[in-house]
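Turn these sequences into a full structure, and let the hints steer you where they fit.
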Amino acid sequence: MLIKFFIKPRKGVLDPQGRAVSENLKSLGFDNVGKVFVGKYIEVYIDENDKEKGKKQAIEMAKKALVNDLIEDFEFEIVED
Amino acid sequence: MRFGVAVYPGSNCDYDTYYVIRDILKKDVEFVDYRQTDIDKFDCIILPGGFSFGDYLRPGALASHTPLTYALRDFAEKGKFVVGICNGFQILTEAHLLPGALLPNSHGKFVCKHQFLRVENNQTAFTNKLSKGQVVKLPIAHHDGNYFVDEDTLKQMEENGQIILRYCDENGNISEESNPNGSVSSIAGVSNKNKNVFGLMPHPERACESILGSEDGLLFLKSLLEG
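As given, the protein sequences belong to chains A and B, one line each in that order. In case it helps, our numbering puts the first sequence at residues 1 to 81. In case it helps, our numbering puts the second sequence at residues 82 to 308.
Simulated from the structure, these hints should not be mistaken for lab results. Note that beta-carbon positions come from the ideal geometry of N, C-alpha and C, so glycine has one too. Treat the hints with care, since some could be wrong.
What follows is a list of derived Cβ distance ranges for each label pair [as the list claims (entries may be wrong)]:
id, chain 1, residue 1, chain 2, residue 2, range
1, A, ILE59, B, LYS213, 21 to 31 Å
2, A, GLU43, B, ASP233, 56 to 66 Å
3, B, VAL265, A, ALA65, 21 to 31 Å
4, A, LYS53, B, ASP109, 46 to 56 Å
5, A, ILE59, B, PRO148, 19 to 29 Å
6, B, LYS213, A, LEU25, 41 to 51 Å
What follows is the structure, encoded as structure tokens:
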């Protein structure tokens, strides 16, 4: 199965990349652009057919390595084979 | 005192650090490969600056999951000294050997200059040759040096004397202007509760000879020698 991780800066944590991109979009004439947050998208393929086990492993991998929960929030999606 | 200098793929201040210990302090020093776990013979291991594992995922994140970094937990538990400089500091926070995290600089730019710092706690093995409130000058060179920690942890750290260095101006004043990267409370260097693990963004190893513009870095290394 495939696990799709969506990681973004935690609320209240400074995101200079997002700020710069927001300013850039405004300068291109997109006047209605407000806040922008730049995060990460990660795909992890695992050899596992049990969705519940996959979910458990996804959370474990996020907490141990993929995400620093002091500064980042994450969501994930499971795509079965 | 026997020093080890950690070498991760992408470390780039390892030789500077090794040189200062061997040629200026004239102490025993060896490089320690990131796959090595047999580190008992050392009294202090320094994690140098650089871009370990290309800063992939987050600065210090991949290096925090290596055999050497895992071995450092036991090493630190025994009361031995661990120092993280710049990327080394980032590795130590990712490994949870130090509290907090290093975010991208608030202005989004790489910063590279000499920076004044104020000693906030001189009752540690890293700062006993300095006095409280003393202003020193060390080079900084980083993109992700914006120290972040939640309010409750910050309060505890203040109470425990874990804030070791703050960014300041030449007179020791702390303000937004003297903060080069947006760090919470202008924090430049912290320690763990037991005061045997120390991390800082500035580079003391680049300020150990007058020809380089400052010898203030030696004060930290000489403090260590006295324990």
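Right, here's what the structure says about each hint:
no.: 1; hint: ILE59(A) / LYS213(B): 21 to 31 Å; in the structure: violated, 45 Å
no.: 2; hint: GLU43(A) / ASP233(B): 56 to 66 Å; in the structure: violated, 35 Å
no.: 3; hint: VAL265(B) / ALA65(A): 21 to 31 Å; in the structure: holds, 25 Å
no.: 4; hint: LYS53(A) / ASP109(B): 46 to 56 Å; in the structure: holds, 50 Å
no.: 5; hint: ILE59(A) / PRO148(B): 19 to 29 Å; in the structure: holds, 25 Å
no.: 6; hint: LYS213(B) / LEU25(A): 41 to 51 Å; in the structure: holds, 48 Å
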